[in-house]
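Place chain B on chain A using the hints.
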Amino acid sequence: MTLLTYTQRSTLLHRLHPAAKAVWVLSMGLILSLYFNPLPLAILFLISLPFFIIGKIPWKRWYKPLGFVLLLGMIGYFVMSLWLNRPGVFTRYLDIESIVLWRIAGNDFILGPMAISVGGLMYTAGQTLRSMTLVLMVAVFVFSTRPNDLVYLLSKAHIPPKLVFIVMVAYRFFPHIFHKLSVVISAQKLRGWKIQFTNPIQMARQFLPITVPVLTETVRLADFTTWAVESRAYGSGHFSLHHEIKMVPSDWLFIIFWLLVMAVYLYLFIRYGIGPL
Amino acid sequence: MSIELRDVSFTHWQAEKAALQHISVEIPAGQFVVLTGPTGAGKSTFLQLLNGLIPHHIPGKLVGDVLVIGTNTRQSSVAELSKQVGIVFEDPDTQIVSLTVEDDVAFGPSNLDLPPEVIRASIRDALEKTRLTGFENRNPFNLSGGEKQSLAIAGILAMHPPILALDEPTSMLDPIGRSRIISILKGLATETNTTILVVEQNPELVIELADRVLLFDNGQIVKDGTPKEVFSDVGTMLRVGAKLPPVVEVFSELKNLGLWEAGMPLTVDEAFSQLQKIPGQVAKHPTSPQASNRGGKHGFEPAADVQNVEHDYGDGVLALKNINVQFQRGVTTAIIGQNGSGKSTLAHHMVGILTPTNPAGRLTVDGLDTRKTPLDELIKHVNYVFQNPDDQLFQESIAAEIEYGLKNLGIPEQERKERLDWAVEQFRLSDFIDQPPKSLNRGLRTKTAIASIIAMQPDVLLVDEPTTGLDRRESIEIMEVLVNLTRDKTTVIFITHEMDLVSQFAQRVVVMQAGKVLLEGLTEEVFSDPKTLEKASLSLPDVQRLAMMLGWKDYSSLHTTHELATRIASMIKTP
Chain A
6 MTLLTYTQRS
16 TLLHRLHPAA
26 KAVWVLSMGL
36 ILSLYFNPLP
46 LAILFLISLP
56 FFIIGKIPWK
66 RWYKPLGFVL
76 LLGMIGYFVM
86 SLWLNRPGVF
96 TRYLDIESIV
106 LWRIAGNDFI
116 LGPMAISVGG
126 LMYTAGQTLR
136 SMTLVLMVAV
146 FVFSTRPNDL
156 VYLLSKAHIP
166 PKLVFIVMVA
176 YRFFPHIFHK
186 LSVVISAQKL
196 RGWKIQFTNP
206 IQMARQFLPI
216 TVPVLTETVR
226 LADFTTWAVE
236 SRAYGSGHFS
246 LHHEIKMVPS
256 DWLFIIFWLL
266 VMAVYLYLFI
276 RYGIGPL
Chain B
8 MSIELRDVSF
18 THWQAEKAAL
28 QHISVEIPAG
38 QFVVLTGPTG
48 AGKSTFLQLL
58 NGLIPHHIPG
68 KLVGDVLVIG
78 TNTRQSSVAE
88 LSKQVGIVFE
98 DPDTQIVSLT
108 VEDDVAFGPS
118 NLDLPPEVIR
128 ASIRDALEKT
138 RLTGFENRNP
148 FNLSGGEKQS
158 LAIAGILAMH
168 PPILALDEPT
178 SMLDPIGRSR
188 IISILKGLAT
198 ETNTTILVVE
208 QNPELVIELA
218 DRVLLFDNGQ
228 IVKDGTPKEV
238 FSDVGTMLRV
248 GAKLPPVVEV
258 FSELKNLGLW
268 EAGMPLTVDE
278 AFSQLQKIPG
288 QVAKHPTSPQ
298 ASNRGGKHGF
308 EPAADVQNVE
318 HDYGDGVLAL
328 KNINVQFQRG
338 VTTAIIGQNG
348 SGKSTLAHHM
358 VGILTPTNPA
368 GRLTVDGLDT
378 RKTPLDELIK
388 HVNYVFQNPD
398 DQLFQESIAA
408 EIEYGLKNLG
418 IPEQERKERL
428 DWAVEQFRLS
438 DFIDQPPKSL
448 NRGLRTKTAI
458 ASIIAMQPDV
468 LLVDEPTTGL
478 DRRESIEIME
488 VLVNLTRDKT
498 TVIFITHEMD
508 LVSQFAQRVV
518 VMQAGKVLLE
528 GLTEEVFSDP
538 KTLEKASLSL
548 PDVQRLAMML
558 GWKDYSSLHT
568 THELATRIAS
578 MIKTP
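Protein sequence lines, in the order shown, are assigned to chains A and B. With the first letter of the first sequence counted as 1, position 1 gets the number 6 in my numbering; the numbers rise by one all the way through. With the first letter of the second sequence counted as 1, position 575 gets the number 582 in my numbering; the numbers rise by one all the way through.
Simulated from the structure, these hints should not be mistaken for laboratory data. Any given hint might turn out to be false.
[As the list claims (entries may be wrong)] Only part of the chain A face toward chain B is listed, based on derived beta-carbon distances under 7 Å:
| id | residue |
| --- | --- |
| 1 | 153 |
| 2 | 188 |
| 3 | 229 |
| 4 | 243 |
[Unchecked claim] Just a sample of chain B residues kept apart from chain A, beta carbon distances all over 10 Å, derived:
| id | residue |
| --- | --- |
| 5 | 109 |
| 6 | 135 |
| 7 | 216 |
| 8 | 269 |
| 9 | 276 |
| 10 | 428 |
| 11 | 475 |
| 12 | 480 |
[Claimed, not checked] Per the computed footprint, the stretches of chain A lying under chain B, defined by three or more beta-carbons under 8 Å from a beta-carbon of chain B, are:
| id | stretch |
| --- | --- |
| 13 | 176–183 |
| 14 | 191–204 |
As the structure is a computational prediction, the values presented were derived from the model and not from experiment. Glycine included, C-beta positions come from ideal geometry on N, C-alpha and C.
Bound conformation, chain A alone (with noise of 0.2 Å):
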């Protein structure tokens, strides 16, 4: 697991200020809050893409996690797309949006009418788009800025040192619990655990052999990296750097940038409503 962990590389997003990075993320966050539709969100995809690209990101490992996560989202989102073919549900493209292109249930239906229709597709693409820029941000984001700048970062703008400390041990707690969660499912394999498909109370029971060891685990962790962190004189006070950030012009073109989409962004969703489905 390779994902969400940060690599030592000599980049361009890794030499940006951790603070130029956290204005793209917050930037980004903020877009993808208000914006559903596919079409504008593609396009901040793309406009993000080469800024992936230039933080020379482990395509070939990455690209596993990230098409699971692409493939559970799509999926996902098409199945609650189903539902999304009524009049009314959508406020925006109301004439093509509830058009129907194929009926699997009927009004009568339990759960309520199910079809494929333009917008279920729209949707289903613009949350896939969402999840996968936002999973992407994220990952790129953990990737290039190092844990001990972030702290630094986060200290300097009066984030309380437990909230630091929850950021600082999500950094390291992902790949170990990640790591231990392929172990223990291999150790259980090994003594002929496999997932049935049964009924729903059987089948939460079928993963207690993978949960409890990986909680225990989780538990024991957040134990030990208390322990260490503190025994390293975390929380005595405030927090310096070894090594000197400062911003330097490619970083406040970089905030420019991002603050501009932004505005783009924000200023068409106001004045034209563009955004929602």
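Using the frame of chain A, we list chain B on its own:
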């Protein structure tokens, strides 16, 4: 006084028995103190008192006062106390918080809000002392075990604490990793006035450095003295179940036979120099190499056959490089090698968790191609016990844990019951059978994990570092059960760093280095090539090292302290 404990007792929350009872001890500045004793004796709890983890983080009832350089630990936070006491835990992975070596070392000084130039100087100094200069930009998780533990120590050293406490810092390391840590400690002990406390199950590793030894048992310090005083008291050491240095085991046996009057040597070097002084000189009696009587090539029937196997985890680095090796049926084979040499990766291939990433790679176990055989079929023939028992334990009782795999295999109830009883008997778990495994100590958890796999009765059993974190007595108990399985033609393959256990229990050995098989053969053959072992970051156990120094050509055929003592005894009797 650097550390002072005044009648300290501590009982963990909800525990019935006190972990520490009425401890009163004073440790002056600059002393090197070794804390030894069986598992659960209270050694780690003692260290947790020093930097305030008890009582600030670990809940329980603390009685008495702990003073660290005059500060009562009750009245200071862990973060504040960390300026006085640096603590290094057993598992380096839990202590690394950053994702480059440099950042990780910087983390402590950064928390002290030191100026950048002071932090940089501290990093340089700490990396130099721990021999990690040049590793600054490396990801800590790609380091070897020894390097990771060195990094954990560097992170503490960068804060310049006057007291350094290390909790079994070498238990997860290969012999060369251990030497590295010991050498770092040696440098600190001789070049600085740091007070050093080390919890160590293998006292022979630190015996030369120690000014003082505290022997723990049942939460009490039962012996406090110089290494000579403590380790010469063989009766007390054996009574509490602490591991004796192998040399002491040899010479106490000679004493019991009335053949040794002189002082008790503690190290191989001391033993060698004393043996050279005795009349008749043991060293002048080299014997010719003996034919091995353990696991010969004669009638070699492979239980597992590994051909041209390579594995790439996806990072472009081959974790296994063209492995070709066979494992003899019904024989105990040890896979040894440096941390990260590919031992576990090879084992994972043999049970089908991993498959070779090269098309030519092929593994056959018990006649089954691991690539083509479904896992639920393969596990009836070959199985594997992971290093950490907690990776598999989840049931509410030991009985349920052992039966879990059997139920999954569809074993009928009557046979399941018989196999459960058999597995419980092997590890003498009957007194604990209804207890939840998670509430038991590491030794019992490890035994439960192995019992749950041997109950499935695989023809080939792989066990990954079964003795990690266990004391000597528990380690021997487990190894004896594993060796006994070979009587029923089970093939036992175990991965370990404990060279004395390899010497004592393995009939054959596979040595791995950097993803390759470096050496393979009978244990005696492999151990008679110490230069190749060294290439794999391994070293001979003390018994064989002493025999080799004495010039005995058949040194590799001596496996236990008893065999060495018997040989020396026969030499002394017939000068």
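Hints, verified against the model:
1. 153: It holds, given that the least Cβ distance between residue 153 of chain A and chain B is near 5 Å, below 7 Å.
2. 188: 5 Å, holds
3. 229: With a closest approach of 4 Å, the residue 229 of chain A hint holds.
4. 243: Hint holds; residue 243 of chain A Cβ to chain B Cβ min 4 Å, cut 7 Å.
5. 109: Violated, since 8 Å does not exceed 10 Å.
6. 135: The assertion about residue 135 of chain B holds, with a minimum of 15 Å to chain A.
7. 216: For residue 216 of chain B, whose nearest Cβ neighbour in chain A is about 23 Å away, the distance exceeds 10 Å, so it holds.
8. 269: Consistent with the label, residue 269 of chain B stays out of reach of chain A, its closest Cβ about 45 Å off (over 10 Å).
9. 276: Given that every Cβ of chain A is farther than 10 Å from that of residue 276 of chain B, nearest at about 36 Å, it holds.
10. 428: At about 19 Å from chain A, residue 428 of chain B clears the 10 Å cut-off, so the statement holds.
11. 475: Holds, since 15 Å exceeds 10 Å.
12. 480: At about 25 Å from chain A, residue 480 of chain B clears the 10 Å cut-off, so the statement holds.
13. 176–183: With 4 residues in contact (Cβ-Cβ under 8 Å with chain B), the coverage given for the stretch 176–183 of chain A holds.
14. 191–204: Since 9 is at least three, the answer is holds.
Going down the numbered hints, you'll see the structure goes against just number 5.
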